[in-house]
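S.K.: These are the residues of each chain, in order.
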Amino acid sequence: MNQFRSFTLGAAIALAAGVTTLPAVAETPANMLVIANRIDDITTLDPAQSFEFAGSDVNRNIYSKLVGFDPADLTGGYIPALADSWTVSEDGMTITFTMREGVTFESGNAVTAKDAEYSLRRAVMLNKTPSFILTQFGFTADNVGETIVADGNTLSITTDQRYATSFVLNCLTSTIGSIVDSKVVMEHEVDGDMGNEWLRTNTAGSGAYTLGSWKPNESVTLVSNPDFFRGAPAMERVVVRNIQESSTQRLLLERGDIDVARNLNPEDVAGITGADGIAVDSELRGRLMYISMNQKSEILSNPKVVEALKYLIDYEGMQDSFLNGQYTVHQAFLPRTYLGEIADKPFSLNLAKAKELLAEAGYADGFEIGIVVREAQERIEIAQSIQNTFGQAGITVNITVGTGKQILGVYRAREHDIYVGAWGPDYPDPNTNAGTFAFNPVNTDEAGATGLLAWRNAWDIPAMSEATLAAVVENDRDTRAAMYEALQREHQQTSPFAVMFQKIEQTGRGANVQGLSLGGAITAVSYWTVTK
Amino acid sequence: MAFASDILKGRRKSPFYRAAVKTVKTVAAIAVTMLGLLFVTFFIGRVMPIDPVLSIVGERASQEMRDAAYVALGLDKPLIVQFFYYIADIVQGDFGKSLRTGFPVADDIKRVFPATMELATLGTIIGVSIGVPLGVLAAVKRGSWIDQVARVVALIGYSMPVFWIGLIALMVLYGKLGWVGGPGRLDIFYEDIIPSVTGMILIDSALAGDWTIFRNAISHIILPAGLLGYYSLAYISRMTRSFMLEQLNSEYIITARVKGMSEAAVIWKHAFGNIKVQLITVIALSYAGLLEGSVLTEIIFAWPGIGSYITTSLLSADMNAVMGGTVVVGLVFVLLNIFSDLLYKFFDPRAK
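Taken in order, these protein sequences are the chains called H and E. For what it's worth, this note's numbering labels the leading residue of the first sequence as 9, then goes sequentially. For what it's worth, this note's numbering labels the leading residue of the second sequence as 3, then goes sequentially.
So that you can see chain H by itself, here it is in the shape it has in the complex (with noise of 0.2 Å):
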């Protein structure tokens, strides 16, 4: 049997060569950040496409705006970026941006008012997804070229009607803001595109860092910009590695071969609590879960009934348990963090308030309805809770799982009694959640106003309509922080809508780096600010 020995013995040699020459435990150098992500809902890096969230970290370190958010002081509200300075006209519907001078893009080239002017006209005339965000304030493709006007080194923008500044600037903040490189982008228009399809994997910006390799579902390489208005950043390569598995991650970081590990799951975060050389941050995001019940439903059209709902959730005991590290309970529709965030939790699983509720509206007996939810983990899990304490009332709750497909078409068409929903806000002003869970011009089944989850749920609001318009164009940012802060109170008590949960994002990182901002609530991540 020599044979069998010696080559099995050959093989084993050969394994183990391989194995024990490597080098000892990695650390990454003292200029490159390394972070783990899930980086696979990258589409585009298009700022004026570009609507994900791993897309939105990239943008946001690659492209200035007119205006953006300090990281350090995320609640502070914006602060002058490309624009120096700006003035309102009189009649509020005219703001006029002064540029500031010296900028550059990657290219070279001078930031001016030229490039901000072609960037808003181009966000509107391209109609891409999150486009919307512009278009509310009366811009359209026949009318850019009187509306977005750049003279000289200023750039004025006119709304269709006056509204709050704090509304138009902190629209401009979010991507579909950031300012191109008008040269360069238009010397790779292709059939008229605006440069759309080149600008899907190249960039031309004058953030704090340029684009080295977009690898999908792989990486995402960044390289800082020496010339970066605000400062040269410390951080001079930034590697954003696509791990799925939080144990890998979690593993990565342990073995100091990332610095940075973004999806961890709470046991995993359990586990490296306390570790040498590593430290947990926790972040809020702006990731709403609620459910919703149909007022085309009898039953649920009941004010009492509504009510009686609210307080059959166990909020704390699903936070407690499987939400544990990755929401918190909060029960408005603005996430914290946004301008008019209100803390107030009115409601809390109350079986005996419930029912009196219940036998008031006359179903002391309870009743048979249905819950829609869409085949994601933690939503069906929420949906079993609410099966469970409804079910103490006598309530039997039957639940339809489905693909995004499936529950969004019947919740568009509002054949749902009640849906299981996650709200992502669309751009950092209050106005983004107000305006779908507060507003409702139109209910009729004609208007089909499938956007706003007030339409979707058929709950007729003309008066709090109003109340969010009014908000809306409110110029004092003081009284129009009050103004949302009783929006969401009476929406609490009257609403058909049950907000439960913020999100909360764990961070797990190297403690050695320091000046992360993933953006909280209102933003996405900023890597220029870190320091190792």
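Rather than coming from a laboratory, the hints here were simulated on the basis of the structure. There are no misleading hints in this set.
If you want a taste of the chain E side facing chain H, the calculated C-beta under 10 Å gives, among others: (1) Ile-58; (2) Gln-65; (3) Met-67; (4) Ala-70; (5) Ser-100; (6) Gly-104; (7) Val-114; (8) Pro-185; (9) Gly-186; (10) Asp-189; (11) Phe-191; (12) Asp-194; (13) Ile-302; (14) Ala-304; (15) Pro-306; (16) Tyr-311.
Reference listing, derived: stretches of chain H covered by chain E, where coverage requires no fewer than 3 residues with Cβ under 8 Å from a Cβ of chain E: (17) 258–266; (18) 410–419.
Below, in silico cross-link-like pairs of lysine-lysine (BS3-like), each with a Cα-Cα straight-line distance of 25 Å or less: (19) E/Lys-271 with E/Lys-143; (20) E/Lys-347 with E/Lys-27; (21) E/Lys-278 with E/Lys-261; (22) E/Lys-99 with H/Lys-223; (23) H/Lys-413 with E/Lys-79; (24) H/Lys-353 with H/Lys-363; (25) H/Lys-353 with H/Lys-312; (26) E/Lys-112 with H/Lys-223; (27) H/Lys-304 with H/Lys-363; (28) E/Lys-99 with H/Lys-413; (29) E/Lys-271 with E/Lys-261; (30) H/Lys-304 with H/Lys-413.
Computed from a predicted model, the values in this text were never measured in an experiment. Where is the CB? At the ideal position from N, CA and C, for every residue including glycine.
Given chain H, work out where chain E should sit, using these hints.
M.R.: This is chain E only, laid out in the frame that chain H set:
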């Protein structure tokens, strides 16, 4: 007339003519197989309740945007028309664009397939080089402790979930001991240094003569390849054992022993010589299985291969990418089949 038929007969018998017929037949078989594969994948893809439009424009888009995307994708045309358009494109080598990545599907596959190929090839080499001797040994020493150990090894390989063994191996060998490289194909600071020629880092780094990167790549691939190798080892060793047992119980083996042949010659020359053909089928099948891409292994080891590419594409209704990936996997199966047919001829004197 007799003359003409003689010519015909003669031509029919000429080796050149036979080879030509054979080639045409093979190509036709491939074409029909691929067409059937495309047909099934296409229609399954279209009846699935997932919405490519939704994944392009997002949940918030207006009805107009949804309609525009719907028309742009050609979804307004009858299904059968869509299918023929698709076939026409594929024949010209155009797999369309991936909705998810925005890149042409052909480019995406060029990027992900070499990663899988590298992993699967190394996994198969490990599986064959250990599995075959182990199977032969187990058969020769039937009932001994070696046979029992081989059985347990194979059983564990069959029954343990790959993600579990993978994670444990990662935790111990990478996390605790640091003997091997972590998830991913290279350490991050070695990335993008060597030019990509084949897309297989081991080969590319060897071509570039960069042995530091080669060693780093080995340290990253050894664990996932070892894992896949273990699974194919389990299969290959069991099959080898049963093939060998069948031969060893045959009368010609007894005859050979009675003739006084050495035991090594009996086992290797006679018994093993006769199972080569069967073994090739087993190995080719196992290799093809690995080339499909092992989704779980790829996810745990953050290996950007074709398995996770097809799966994530499927989940986001990116049918162009799914179909492109399926075509490639299908082609691999067909080509491996042909290849093992050729090997039969080489090893089986009767086929000559």
